[in-house]
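Asker: Protein chains in written order, with this note's numbering: chain A, 646 to 970; chain B, 2 to 305.
No lab work stands behind these hints: they were computed from the structure.
Please read these numbers as outputs of a predicted model, since none were measured by experiment.
A few of these clues could be false.
[What the hints assert, rightly or not] Cβ-to-Cβ under 8 Å is the rule here; a few derived chain B residues that face chain A:
1) Phe32
2) Ile101
3) Ala113
4) Leu119
5) Leu240
6) Phe243
7) Leu289
8) Pro296
[To be verified] If you only want the chain A side, here are some residues facing chain B, beta carbon under 10 Å, derived:
9) Leu765
10) Gly790
11) Pro873
12) Ala881
13) Ala903
14) Ala907
[To be verified] Footprint (simulated), chain A over chain B, 3 or more residues, beta carbon under 8 Å:
15) 68-81
16) 164-175
Where a beta carbon is used, it is the ideal one built from N, C-alpha and C, also for glycine.
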Amino acid sequence: MSGVVSYLVFFATMAGILGIVVLGLNLQWGYTGLFNGGVAAFFGAGAYVTMILGGRPEPGQFGGFQLPFVIALAGGIASAGLAAWFFGRLTLRLRHDYLAIATFGVAVAFESVARNAEWLLGGAKGLRGFPRPLEAAIGNNFLYGLFFLTLVMAVLLAVYVGLERLVHSPYGRALRAIREDEIAAQSLGKNPARLRLQSFVIGSMIMGAAGGLYVAFYAFVSPQDLAPVLTFQVWAMLIVGGAGNNLGAILGAYLIWAAWTASGFLLAAFAPQAMQLYTGPIQYILIGSVIVGMLLWRPQGILPERIARSGHRASGATTADNGGN
Amino acid sequence: MIQSLLDGILTGAVISLGAIGLTMVMHMLRFANFAYAELLAIGAYAALVFDRLFAALVPALGTAFKPLTLSASLTLATLLAMAITGASAVLIDWLIFKRIRAKADALSMVFASFGVALIIRNVITLVFGHNAQLYSPDIAFAVVLSLDPLVLVKPDQVFVLAAALALMAAFHVVLTRTTFGFALRAVAENPALAQVAGVRLSTMIAAVWLIGGGLSAAAGVFYALTNHLSPALGHNFLLPVFAATIVGGIGSVYGAVLGGFIVGIASGLSLMVLPSGYVPAMPFLIILGVLLVRPHGLFGEDLA
């Protein structure tokens, strides 16, 4: 029984961390119409930098500066933001797909550096040894799991509330305006290039924060965490939940993570011995089919974006229309 | 130095073949197609299947043309694979991209192409296994061109380079000498005007997929012939072919060819200063360089 409960706590923590990533992507994709092909890179930048700044010194391992967790996390967030700013500056003024290609390239390049630069990022074996915040004070493993879940939930809630306020402010309307009609927005004095860059940087910083939490949770990070599959999972979460709807983003994170872990578990339990090597590809096909299927048959997701609702009107007066995406 | 240059030129020829179709598709359909490089893998594996089939049916076809490891059965299989890959590119467009194009924006197309790539790559893994494979178990002996510095070239490599250049030349003739080629260029330049002039857009889109698929299949076979086949083939070429199109400028066929050689040679030469593990990052550095200096590429229009 306690095994089931601690697994549920573990599951909810992991899905919550991914939910934060999906919220970051939702700001970029859902509200601003920016394609981020390198979610794993911004998540990974947050994870690696948080590890280097806040980790314990290990023999033959760079970093281990043992800064307090909050400062290390801030460093991780800042590095993700800085990377986003740099690549955004280069690509956001071009055709939209340059951003997709460049961010995809960032992820490939980052993964190859992480795999090879052993002196800096530990190579294939990764970086280990992270003092988890307040672990010594709490002691008990199960209680610590609960504490960490609370921490993740608090960050998830803070990001959710912050984004909701942001997207329902005039600023959020400006973002959606440039997504829908750039020239019209420009004619009203909005600066699309700057707004896009800001949205891209803020979204990537949120992903970096999730990476920092992830490192604190596992006390370990390796190039495996930078693999493209993370990017695909996060996209599937957003498209299933509903791009342009923050609640949908979180719902999608939990649903897809549940489906992913359940399918992995079922395949491990029931697939014949000879197929065990191929459970990964089967899961990838499933996630690819989810992405394509949703785009074909329900592109607005489970919880579609709600548009055209001025904040003070009584709810229920108008049923919001889907804002196709 | 010379060895790295030669290897780079060979890889460059493969990248160029792959990039020709991609640059046309990206220009015409206005989206970055991340499933495109999987066509190389489809082509390479289709050729493997038919090569084995032909060699089993008519054993005489299976003997290699010395000094190449290429056999008659593989040659036939490659031609068939080009047709099949072209047809699957058209089919994928009809089944998925066309339907999404009809109701959603370009962003959804990019997104869908990732999903398609994921499905294709992993279906290939399921069918053919994780392991690398070879067309021919024969050892391809390299010819020593020079001892100091040591330069080795395999006959297969010479053949592949010649065949790739021949395919590009053939496509050049089609583009510049035939009515069909004019129509293709007209659509690329101004789709609306071309339609007014009586060019059917949907036919041209299918033609571009067919040609792109065929050339990609050849690229995949050429790479597999001189290296090996693995399900990661498409994924490994994805960034290089994108880099080639961006260097050349999206929409420019000749730019893509030149871009392919630039990317191939740069990656080959980078091996002299960087450990091989960093090579996947090389096309990305080239993309960054182009975006910094000349964002619309060598021959591209300003699409900002």
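Asker: Now tell me if each hint is right for this structure.
Answerer: Here is how each hint holds up against the structure:
1. Phe32: At 6 Å from the nearest chain A Cβ, Phe32 (chain B) passes the 8 Å test, so the hint holds.
2. Ile101: holds, 6 Å
3. Ala113: Status holds, d = 5 Å.
4. Leu119: holds, 3 Å
5. Leu240: holds, 6 Å
6. Phe243: holds, 5 Å
7. Leu289: At 7 Å from the nearest chain A Cβ, Leu289 (chain B) passes the 8 Å test, so the hint holds.
8. Pro296: Since the shortest Cβ distance to chain A is 5 Å, the answer is holds.
9. Leu765: violated, 13 Å
10. Gly790: violated, 32 Å
11. Pro873: Holds: closest Cβ of chain B sits about 8 Å from Pro873 (chain A), inside 10 Å.
12. Ala881: This interface hint holds because 8 Å falls under the 10 Å limit.
13. Ala903: violated, 20 Å
14. Ala907: Hint on Ala907 (chain A): violated, closest Cβ of chain B at ~19 Å, above 10 Å.
15. 68-81: violated (count 0)
16. 164-175: Coverage by chain A is violated for the stretch 164-175 of chain B (0 residues, Cβ < 8 Å).
Consistency note: the structure conflicts with the earlier hints numbered 9, 10, 13, 14, 15 and 16.
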